[in-house]
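Residue numbers (the numbering used here), protein chains in the order written: chain A, -16 to 92; chain B, 5 to 116.
If a hint is listed, it holds; no wrong ones were tucked in.
With the C-beta cut set under 8 Å, the calculated list includes, among others, these residues of chain B facing chain A: (1) 37; (2) 49; (3) 62; (4) 103; (5) 105; (6) 106; (7) 107; (8) 109; (9) 110.
Stretches of chain A that chain B covers, calculated by requiring three or more beta carbons in the stretch to come under 8 Å of a beta carbon on chain B: (10) 20 to 29; (11) 81 to 89.
Just so you know, these hints were derived from the structure itself, not from any lab.
Model, not experiment: these values are computed from the prediction.
Just so you know, even glycine gets a beta-carbon here, dropped at the ideal spot from N, CA and C.
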Amino acid sequence: GQSLEQPSEVTAVEGAIVQINCTYQTSGFYGLSWYQQHDGGAPTFLSYNGLDGLEETGRFSSFLSRSDSYGYLLLQELQMKDSASYFCAAPTGGFKTIFGAGTRLFVKA
Amino acid sequence: DSGVTQTPKHLITATGQRVTLRCSPRSGDLSVYWYQQSLDQGLQFLIQYYNGEERAKGNILERFSAQQFPDLHSELNLSSLELGDSALYFCASSSPGAETQYFGPGTRLLVL
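Pulled out of the complex, with its shape left as it was, chain A reads as follows (with noise of 0.2 Å):
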């Protein structure tokens, strides 16, 4: 079947880094997104990968590895307002959206 998997939580400390893993399995397959929520809120979008590599924007980077099926996000200087879910998410063959089931992110002082 079609599916992203990620981790369920993780916790971090503020300041710090964050690395949040999605593995996917998907037809079709041609880039990877990641979308956070806020407890309550609308998903929003973070970034896009349509090629490999490393894709930056400002605290936010996100990564892509076709050949591994393999991606994350990365977060750096890490803000208790981080604190939300995060979602990686990839089109599939026939143009359905499948998302993952989130991870969790705590952000401690």
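Could you slot chain B onto chain A? The hints should help.
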């Protein structure tokens, strides 16, 4: 503010009833997506429309239906509601050829 609007924000109804959720995409976006998110769950893709035509179908129940109108707004109809249909329903839109989906604030549905 993503530019995507959804109404209503909250909806409380009884089992067996029918409701309609409405979504207006960002200006210029032709694609509309519907997702269901149950408590502490991920986003389940329901259906996608592109410029008025159904483009992809996910795990959408037969009791659910959707459409996209000529002005590109979309409606999701949920009928014969069950307790398990209680969830957040999100609409998202994207522009042609773009991967980024912009999500609306969601409609929180509670079926009692």
